[in-house]
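> Given the sequences, and given the hints that come with them, work out the whole structure.
Chains as they are written, first to last, in the numbering used here: chain A, 11 to 259; chain B, 2 to 133; chain C, 19 to 311.
Honestly, the hints are just simulated from the structure, not real lab data. Computed from a prediction, not measured in an experiment: that's the story for all the values here. Every residue gets a Cβ at the ideal spot worked out from N, C-alpha and C, and that includes glycine. A hint or two may mislead.
[Unchecked claim] EDC-like cross-link-like pairs, simulated, lysine to aspartate or glutamate; straight-line CA separation at most 16 Å:
{"#": "1", "chain 1": "A", "residue 1": "Lys72", "chain 2": "C", "residue 2": "Glu126"}
{"#": "2", "chain 1": "C", "residue 1": "Lys289", "chain 2": "B", "residue 2": "Glu114"}
{"#": "3", "chain 1": "A", "residue 1": "Lys198", "chain 2": "A", "residue 2": "Glu255"}
{"#": "4", "chain 1": "B", "residue 1": "Lys17", "chain 2": "C", "residue 2": "Asp68"}
{"#": "5", "chain 1": "B", "residue 1": "Lys118", "chain 2": "A", "residue 2": "Glu112"}
{"#": "6", "chain 1": "A", "residue 1": "Lys132", "chain 2": "C", "residue 2": "Glu126"}
{"#": "7", "chain 1": "B", "residue 1": "Lys17", "chain 2": "C", "residue 2": "Asp70"}
{"#": "8", "chain 1": "A", "residue 1": "Lys72", "chain 2": "C", "residue 2": "Asp125"}
{"#": "9", "chain 1": "A", "residue 1": "Lys116", "chain 2": "B", "residue 2": "Glu113"}
{"#": "10", "chain 1": "B", "residue 1": "Lys15", "chain 2": "C", "residue 2": "Asp70"}
{"#": "11", "chain 1": "C", "residue 1": "Lys30", "chain 2": "A", "residue 2": "Glu153"}
{"#": "12", "chain 1": "A", "residue 1": "Lys132", "chain 2": "C", "residue 2": "Glu127"}
{"#": "13", "chain 1": "C", "residue 1": "Lys177", "chain 2": "B", "residue 2": "Asp86"}
{"#": "14", "chain 1": "C", "residue 1": "Lys30", "chain 2": "A", "residue 2": "Glu112"}
{"#": "15", "chain 1": "B", "residue 1": "Lys118", "chain 2": "A", "residue 2": "Glu108"}
{"#": "16", "chain 1": "B", "residue 1": "Lys15", "chain 2": "C", "residue 2": "Asp69"}
{"#": "17", "chain 1": "B", "residue 1": "Lys66", "chain 2": "C", "residue 2": "Glu221"}
{"#": "18", "chain 1": "B", "residue 1": "Lys66", "chain 2": "B", "residue 2": "Asp104"}
{"#": "19", "chain 1": "A", "residue 1": "Lys116", "chain 2": "B", "residue 2": "Glu110"}
{"#": "20", "chain 1": "B", "residue 1": "Lys17", "chain 2": "C", "residue 2": "Asp69"}
{"#": "21", "chain 1": "B", "residue 1": "Lys15", "chain 2": "C", "residue 2": "Asp68"}
{"#": "22", "chain 1": "B", "residue 1": "Lys118", "chain 2": "C", "residue 2": "Glu288"}
{"#": "23", "chain 1": "A", "residue 1": "Lys116", "chain 2": "B", "residue 2": "Glu114"}
{"#": "24", "chain 1": "C", "residue 1": "Lys30", "chain 2": "A", "residue 2": "Asp151"}
[Said to hold, decoys possible] Stretch-level coverage of chain C by chain A, calculated; a stretch enters the list once three of its residues show a Cβ under 8 Å from a Cβ in chain A:
{"#": "25", "stretch": "48-59"}
{"#": "26", "stretch": "71-79"}
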Amino acid sequence: MEATETKMIPIYIMGKRYEVPEGLTIMKAMEYAGYQYIRGCGCRGGICGACGTIYRKPGDYKIYSALACQTAAEPDMYLTQLPFFPANHVPSNYAELEGVPEDIYKLYPELFRCVACNACSKICPMDVPVMDVIAYIKRGDIEKAAFEAFDCIQCGLCTSRCFAEAPQFHIMQLARRIYGGKLAPKAKHNAEAAQAVREGKFDAMLNQLMSMSTEEIKKEYIEREIEPETAGDDWKPKDAKWLIEEFLR
Amino acid sequence: MKKINPKKTDFIRKVKEISGQNIGLCYQCGTCSGACPNFAESDILPRQLMRRAQLGMEQDVLQSKLPWVCASCLSCTALCPRGIDIAKVMEAVRLLSLRENIDYVNPRELSEETIAKLPQIALISSFRKHTA
Amino acid sequence: MKLSYLPGCTLKTKAQDLDLSTVAAMEALDVELEELPRWNCCGTVFSFADDDLMHQIAPVRNLIRAQEQGGDKLVTVCSFCFNTLKRASLLVKENSDKLDTLNTFMDEEEDYTGNINVVHLLEVLRDEVGWDQIEGKVQNPLKDLKVAAYYGCTLHRPKEAAIEPPNKLEALNDLITALGATPVDFPDMTTCCGSYQAVANPEIVINRTREILSSAKESGAEMIAVSCPLCECNLRENQKELGELRMPIIYFTQLLALALGVDPHLHQCEKNPADARSFLESKGLLAACTAAE
Chain A
11 MEATETKMIP IYIMGKRYEV PEGLTIMKAM EYAGYQYIRG CGCRGGICGA
61 CGTIYRKPGD YKIYSALACQ TAAEPDMYLT QLPFFPANHV PSNYAELEGV
111 PEDIYKLYPE LFRCVACNAC SKICPMDVPV MDVIAYIKRG DIEKAAFEAF
161 DCIQCGLCTS RCFAEAPQFH IMQLARRIYG GKLAPKAKHN AEAAQAVREG
211 KFDAMLNQLM SMSTEEIKKE YIEREIEPET AGDDWKPKDA KWLIEEFLR
Chain B
2 MKKINPKKTD FIRKVKEISG QNIGLCYQCG TCSGACPNFA ESDILPRQLM
52 RRAQLGMEQD VLQSKLPWVC ASCLSCTALC PRGIDIAKVM EAVRLLSLRE
102 NIDYVNPREL SEETIAKLPQ IALISSFRKH TA
Chain C
19 MKLSYLPGCT LKTKAQDLDL STVAAMEALD VELEELPRWN CCGTVFSFAD
69 DDLMHQIAPV RNLIRAQEQG GDKLVTVCSF CFNTLKRASL LVKENSDKLD
119 TLNTFMDEEE DYTGNINVVH LLEVLRDEVG WDQIEGKVQN PLKDLKVAAY
169 YGCTLHRPKE AAIEPPNKLE ALNDLITALG ATPVDFPDMT TCCGSYQAVA
219 NPEIVINRTR EILSSAKESG AEMIAVSCPL CECNLRENQK ELGELRMPII
269 YFTQLLALAL GVDPHLHQCE KNPADARSFL ESKGLLAACT AAE
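So this is what it looks like as structure tokens:
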């Protein structure tokens, strides 16, 4: 068998040059170069926000951002990871929040120092329009803010660039939490399900599960009917007695 | 012959540069002092600040209350017979402190009641004029 | 007539009445205010520093939004938005180097060409609609109502960004007259209320409020008409301690809507112990306006 030769590319990690195989993600390239992750790496799936990375390309003044686990290393990339950025996080008692914009203003008054420079949106590896989200919060539109900030993964790169020294990712998370728990219309079926739990409609099922041996539970689990990937909305398992509709009936 | 104090001229230059105003034009008529709605809450009058700035009295100017009780209402600017935009001079003096990262207002020290009561424009304008 | 409109942050929360009454009244005058689809805070106060462009980004970004919408005019009603946007528009119009720097910095936006004219609603009423037209459309004349027209600072200073020449304080009085009310001779029309000192030095705002309300009372005014949500807040919040000086504060657009017979949106009036709604009711001015629920 003929070994295909891997093409090596130069990248600069925190200013030091390394030759790494082409085609690796930044994260794998760093591991190839000998770095061992203690921080700066989490899910390796582009969703945990631990591996925020900033880089520059030769001859280009712009700052680029990436998630190290998602982005392929490019030749002559100058990069550093920014796995953590100190940001003012204010604990709050969720139950005491009233679901009004002032909840956010009281906890993070510094958001009013925003100058609309847009550096936050430009650096966001998830393309969240951070500046617009802050603008919505400033005018009290928590719903719009929550929706626009949905993709935020709390990597903190926005905050690292903020002229106003505001912790946008914490502010956006607070907006989503206020919207989700206090402003979004409550789902009717959820309330019905909760009511069914309170009425003890699930007790028999839970008791049955609790009386089973570990082996029996394992068997149930392994033999469970799995929803096919191509299933439509009307798909139901053959044994429908565990479906919530059955309990609510 | 007495030497010119370079620190003095440097202060005057900075005020002129940031404000874009020729403070040397002031002839001490005091119209600004009469126009200022907040003079009573200050230690010195606008006219007195202008004179101290002309003389390069950096510490007197920077430590004066006047630029910090100024509400940027532009009454002084509107009436100055010498055409000096005095509000810009006040801004320059504020910025000489703010650019050293010395805040006049700390957003985090405001009471929850104040934040909840005041409209956004009050907080934003205060932070713009009073924080670094 | 259709015009681009930037309401401003406070008009979406604590000064909602100002936004709603503006839109309702202008609709009655056949002027459609089209809110910019995307806007940010204007910055509220204009930066006076010659070497500071960072604080001009927010207003200029909004001018780009207006440019994107295709018009050549941007209407504001909040006095702070008006002043900041107007002054920023003049700054970059007169300083092409500063405009270039800002355009280069905002490389994600289309270039601002410098051609948006920022106008205050009072200018639209005066220049586009006309006092006579307004008078002709009044359904509910505000008879026997004595109003102090309070401009505050930012509609009249500096002169290059003012809605009228420095010695001509007419627009607000003309409007009040066109609506059938009586403007009083009020010497403190442009006296500062203390503005953002409400945050750092609240005693300043208390003192200015006392002076302005005393002067309005002496002028025989029954209520004060304003355009600025911060003037409104300062004059309202600080009169709570001022007993006999208490006086309803109303947005001029609420008077306009009321006179035109559309909903004046007096929803937030009860925040003031001297409630404008109850006062107008006692004068019999709400009865004729079916839209004022």
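> State for each hint whether it applies.
Consistency of the hints with the structure:
no.	hint	verdict
1	A:Lys72 x C:Glu126	12 Å, holds
2	C:Lys289 x B:Glu114	15 Å, holds
3	A:Lys198 x A:Glu255	13 Å, holds
4	B:Lys17 x C:Asp68	9 Å, holds
5	B:Lys118 x A:Glu112	9 Å, holds
6	A:Lys132 x C:Glu126	8 Å, holds
7	B:Lys17 x C:Asp70	14 Å, holds
8	A:Lys72 x C:Asp125	11 Å, holds
9	A:Lys116 x B:Glu113	6 Å, holds
10	B:Lys15 x C:Asp70	13 Å, holds
11	C:Lys30 x A:Glu153	13 Å, holds
12	A:Lys132 x C:Glu127	12 Å, holds
13	C:Lys177 x B:Asp86	12 Å, holds
14	C:Lys30 x A:Glu112	13 Å, holds
15	B:Lys118 x A:Glu108	15 Å, holds
16	B:Lys15 x C:Asp69	11 Å, holds
17	B:Lys66 x C:Glu221	14 Å, holds
18	B:Lys66 x B:Asp104	14 Å, holds
19	A:Lys116 x B:Glu110	10 Å, holds
20	B:Lys17 x C:Asp69	11 Å, holds
21	B:Lys15 x C:Asp68	11 Å, holds
22	B:Lys118 x C:Glu288	14 Å, holds
23	A:Lys116 x B:Glu114	9 Å, holds
24	C:Lys30 x A:Asp151	8 Å, holds
25	48-59	holds (count 4)
26	71-79	holds (count 5)
Hint compliance for this structure: every hint is met.
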